[in-house]
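K.L.:
Sequences are here, hints too, so could you generate the full structure?
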Amino acid sequence: MSCKNSRRRNAGLSNMIGSTIRSMIGSMSESIGALSGSSKIGLALFVLFLIVAVFAGAVAPYDPWLRFSPFMPPGFAHPLGTNDLGNDILSELIFGTRVSLIVGFGAAFMATIIGSVVGLLSGYFRGLADELLMGLTDVFLMIPQIPLIIVLAAFLRPSFWMTALLMGCLWWTSTARVVRSRTLQVREMSYVESATSLGFSHAHIIFTDVLPNVLHVIMPKFLLAIASALIAEASISFLGLGDPTMKSWGMMINFAFTRGGFINGYWWWYLPPGLCITLFVLSVVLMGSSLEDREEESRVAQ
Amino acid sequence: MLAVLKAENVSKVRESGIFRKTRREIFQNITLELEEGKTVGLMGDSGSGKTTVARIMAGLEKPSAGRVLFQGRDIDSLHGKEFWDYKRSVQMVFQDPEGSLNPRKSIERSINEVLGLLRVPKREWQERTLDILHTVGLSEELLCRYPGQVSGGQNQRIALARVLLLEPRVMILDEPTSALDVSVQAHVLSLLRELQKKLGLGYLLVSHQPEVMRNMAHEVFVLKNGCLVESG
Amino acid sequence: MIPLTTPAVPADSAILAALAIPAVSDIPAAPAGPEIRKKIQKTKILQLSGLSVQFETSLGRVQAADNVSFEIFENETLALVGETGCGKSVVASAIMQLLPKNAKSKGNIEFGGRNLLDLGEEEMAGVRGAEIAIIFQNPSLSLNPVVTIGDQIAEMLQVHGKAGRSQSIEKAAGVLQRLGLGERSLLKMYPFQFSGGMNQRVMIASALMLSPRIIIADEPTKGLDSATAAGTVQEMKKMKDLSGASLLLITHDPALVESIADRVAVMYCGEVLEIGPCRDVFQKPLHPYTKALLDCLPERGLHPIPGASPSMTNPPQGCKFHPRCPMRCTKCSQSPLMKRMKRTEWMTQVELVERVERTTQAEREERTTQVEWVERATQVECVERMKTVDLGTPSGERWVKCWLY
Numbered sequence: 002m003s004c005k006n007s008r009r010r011n012a013g014l015s016n017m018i019g020s021t022i023r024s025m026i027g028s029m030s031e032s033i034g035a036l037s038g039s040s041k042i043g044l045a046l047f048v049l050f051l052i053v054a055v056f057a058g059a060v061a062p063y064d065p066w067l068r069f070s071p072f073m074p075p076g077f078a079h080p081l082g083t084n085d086l087g088n089d090i091l092s093e094l095i096f097g098t099r100v101s102l103i104v105g106f107g108a109a110f111m112a113t114i115i116g117s118v119v120g121l122l123s124g125y126f127r128g129l130a131d132e133l134l135m136g137l138t139d140v141f142l143m144i145p146q147i148p149l150i151i152v153l154a155a156f157l158r159p160s161f162w163m164t165a166l167l168m169g170c171l172w173w174t175s176t177a178r179v180v181r182s183r184t185l186q187v188r189e190m191s192y193v194e195s196a197t198s199l200g201f202s203h204a205h206i207i208f209t210d211v212l213p214n215v216l217h218v219i220m221p222k223f224l225l226a227i228a229s230a231l232i233a234e235a236s237i238s239f240l241g242l243g244d245p246t247m248k249s250w251g252m253m254i255n256f257a258f259t260r261g262g263f264i265n266g267y268w269w270w271y272l273p274p275g276l277c278i279t280l281f282v283l284s285v286v287l288m289g290s291s292l293e294d295r296e297e298e299s300r301v302a303q
Numbered sequence: 010m011l012a013v014l015k016a017e018n019v020s021k022v023r024e025s026g027i028f029r030k031t032r033r034e035i036f037q038n039i040t041l042e043l044e045e046g047k048t049v050g051l052m053g054d055s056g057s058g059k060t061t062v063a064r065i066m067a068g069l070e071k072p073s074a075g076r077v078l079f080q081g082r083d084i085d086s087l088h089g090k091e092f093w094d095y096k097r098s099v100q101m102v103f104q105d106p107e108g109s110l111n112p113r114k115s116i117e118r119s120i121n122e123v124l125g126l127l128r129v130p131k132r133e134w135q136e137r138t139l140d141i142l143h144t145v146g147l148s149e150e151l152l153c154r155y156p157g158q159v160s161g162g163q164n165q166r167i168a169l170a171r172v173l174l175l176e177p178r179v180m181i182l183d184e185p186t187s188a189l190d191v192s193v194q195a196h197v198l199s200l201l202r203e204l205q206k207k208l209g210l211g212y213l214l215v216s217h218q219p220e221v222m223r224n225m226a227h228e229v230f231v232l233k234n235g236c237l238v239e240s241g
Numbered sequence: 014m015i016p017l018t019t020p021a022v023p024a025d026s027a028i029l030a031a032l033a034i035p036a037v038s039d040i041p042a043a044p045a046g047p048e049i050r051k052k053i054q055k056t057k058i059l060q061l062s063g064l065s066v067q068f069e070t071s072l073g074r075v076q077a078a079d080n081v082s083f084e085i086f087e088n089e090t091l092a093l094v095g096e097t098g099c100g101k102s103v104v105a106s107a108i109m110q111l112l113p114k115n116a117k118s119k120g121n122i123e124f125g126g127r128n129l130l131d132l133g134e135e136e137m138a139g140v141r142g143a144e145i146a147i148i149f150q151n152p153s154l155s156l157n158p159v160v161t162i163g164d165q166i167a168e169m170l171q172v173h174g175k176a177g178r179s180q181s182i183e184k185a186a187g188v189l190q191r192l193g194l195g196e197r198s199l200l201k202m203y204p205f206q207f208s209g210g211m212n213q214r215v216m217i218a219s220a221l222m223l224s225p226r227i228i229i230a231d232e233p234t235k236g237l238d239s240a241t242a243a244g245t246v247q248e249m250k251k252m253k254d255l256s257g258a259s260l261l262l263i264t265h266d267p268a269l270v271e272s273i274a275d276r277v278a279v280m281y282c283g284e285v286l287e288i289g290p291c292r293d294v295f296q297k298p299l300h301p302y303t304k305a306l307l308d309c310l311p312e313r314g315l316h317p318i319p320g321a322s323p324s325m326t327n328p329p330q331g332c333k334f335h336p337r338c339p340m341r342c343t344k345c346s347q348s349p350l351m352k353r354m355k356r357t358e359w360m361t362q363v364e365l366v367e368r369v370e371r372t373t374q375a376e377r378e379e380r381t382t383q384v385e386w387v388e389r390a391t392q393v394e395c396v397e398r399m400k401t402v403d404l405g406t407p408s409g410e411r412w413v414k415c416w417l418y
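Protein chains in written order, with my numbering: chain A, 2 to 303; chain B, 10 to 241; chain C, 14 to 418.
Because the hints were derived from the structure by calculation, they are not lab data.
Just to be clear, a hint being listed does not mean it is correct.
[Unchecked claim] Here are the simulated DSSO-like pairs of lysine-lysine, each with C-alpha atoms no more than 30 Å apart in a straight line:
| hint | chain 1 | residue 1 | chain 2 | residue 2 |
| --- | --- | --- | --- | --- |
| 1 | C | Lys250 | B | Lys233 |
| 2 | C | Lys235 | C | Lys201 |
| 3 | C | Lys355 | C | Lys250 |
| 4 | C | Lys114 | A | Lys41 |
| 5 | B | Lys233 | B | Lys207 |
| 6 | B | Lys71 | B | Lys96 |
| 7 | C | Lys57 | C | Lys250 |
| 8 | B | Lys206 | B | Lys47 |
| 9 | C | Lys235 | B | Lys233 |
P.N.:
As structure tokens, then:
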């Protein structure tokens, strides 16, 4: 018989998760194939940022903490000049990409996991679980998020991981809502019913029947969460509540602002990080919205 | 002879609204018996609740009143092995051929997961899979495909194959062919008839097509205004 | 081994009497009866000749319609029947020029002296709705839920610039009344306040607004339960009588065809295999596929067609049905031609074929011989052909694409 590999797939939990990840990768590559023109630009930008973040050490010309003469305008040695401490701004920017992206991804990852679990459970089990979890979601929705993060960041030690964690814990609500509504649809499909009547366990049904069919709404949500987490991190850092030891893009703007970059018109100091934030968010939004469009289309087609 | 599955004075009431409850009686006091080797037909207009009757008998929904008996015992009182016995013996086939299989699982995986559920040793999987495909008249080329890549009739037969692996004694067929072309309907229904002859299955066939009933059912009930009318 | 005697061609007067058709000699002599004359006056309003539609897909080239030819006459109902995926909806889309971009169409769709395939988008927009209207599958999904019924029907006139708003609503009310929805208050209601059957009537009303000459109904009863479906059929009949338009009914359900159509064209795998008057086709199907399809009906015993539907990307050579055909022969791997059958011809042919069917298994295995004798028999038939009856009306013709004939 022909498909030997899939034969080994079993109903064990580890395999279930394995196959879920496989289908996650599958749906990702499938999504990329179907991207429209504008979203291909988004994807290209996104990949560029990712490469820069991962290979920051190789791409950056200098160590971002290395000191040269301060306030140098862009030139051959320093394409984007230097700041008040004489750090090379291009290198700062490149290492900042890594920091910003880690915060963005970390927060989005947390938010997506929490949101998906809440959404799946409340949508699948309905009843009391649904009431409780959706009640909790409503409570979280009512919390003013940025102010809370600011307050918490001010009280707790403003560490970089803390910010990511906090944002993750606050940003799952919309994912939860979307996942729940899609789960409600999927659980009414007859393949879920037939799995129930065949006698499969709830875990099996959730992992192999429901989750793979909800993934395509989770993916765009995940992307958009990256964007909003990145912006939030930038705003917090700009307010001076970020981690000063981790120079993210927001932190760079904050430095430029507090140390006279704006007043003296050193545009090479504050413009690049601002531009990077905009471009990155744009790239993510372009991809995310095209994925959402596609999801919408497929729903209409159904 | 004791009926395999019996619905006894089953009623269903739908309630909606949280503050002002509105009650709608869908049907009341329905008694139906399913035996091995016989087909009981259930007809009715859309919205008459015939699907709800089917779902209650399959244990997917709870009746508002009355009980469902499996070999003379209330299904609510079954536990452990006995409950599993009931689950296995009573199976349901759904209307929507495209929706009855997970679009993201290959046909092979859909079948294999049932074998896994039954704790069939892995070395027997291939044999069992081929066996069951043969029973429902499909070729093994289909195994690598996904439900979207096979026709409606084939999907319905794969759904049947999954159910048959559990070796049920009665099957509840909820409009198994109403979404299919006449030619495919003929295929599926004649397959069901063959299986009945071969395996002695009992069917509860829910359909709105009188012609289908005339061909398939030994006994036909009509659900009208919430009551069951027998029409022989 | 096989009886070669031609079936005693029944004294055709007997057949004809049974079928209540005047013998041929009557036609030139006496003026035909009023019914016949009405038939003769029928004119073609739409003629498809050699329509082929190809789709370029990732799986390869799909020949969705292959050399499809038929015509629609004035005030008749032609049903296009076939299994899902046989290309019948593609034909409808081709007529309306609503094919997706990856489709290539070839051939001729003659309507009102023009070839619809040559028309530009603008000219086509004038034809759509005004001259050829289409009623889609699901009435509740095809109507806009946030626009009132009255506005939605009246829109047809306004878009084509035929009347102002108040005038067109007036007309909409008139059309609805003829369909049995007379109350004025209904015009102010929304689609979701209507039942499925009422929505169907709304769809029909908006199709009728511009008094088109042809109405295409694409699977009007799919997904409806039997009572609603029967109601829809009634509506369709009424609609046709009201408007005097011709109806092209596209369906997979032979039972529906039987209850409404005048003529029927059977499609399989992109080809039309048989066309003929509905009653004749149902009583004496000529093509083995038609016969097999009808035998699938529950009232005819639920006999499935052996084998599976062929793939559209790689259809069988020759007659597309031959791999599943119980009467296939060596010749079937070449494409048969569409052949016109006159009434006496097919009456005797059917008997011949029925005799072929009655032959034993052993005899059938010698397929070549079988064909030979059918051919020989046909020749004999030709020699001995009695005066044939041409009704003088093209709509009475039967065409079939099979080597048996």
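K.L.:
Next, verify each hint and record whether it holds.
P.N.:
How the hints compare with the structure:
no.: 1; hint: Lys250/C - Lys233/B; result: holds, 29 Å
no.: 2; hint: Lys235/C - Lys201/C; result: holds, 28 Å
no.: 3; hint: Lys355/C - Lys250/C; result: holds, 29 Å
no.: 4; hint: Lys114/C - Lys41/A; result: holds, 23 Å
no.: 5; hint: Lys233/B - Lys207/B; result: violated, 33 Å
no.: 6; hint: Lys71/B - Lys96/B; result: holds, 15 Å
no.: 7; hint: Lys57/C - Lys250/C; result: holds, 20 Å
no.: 8; hint: Lys206/B - Lys47/B; result: holds, 10 Å
no.: 9; hint: Lys235/C - Lys233/B; result: holds, 23 Å
Hint 5 alone, counting from the list given before, is not met by this structure.
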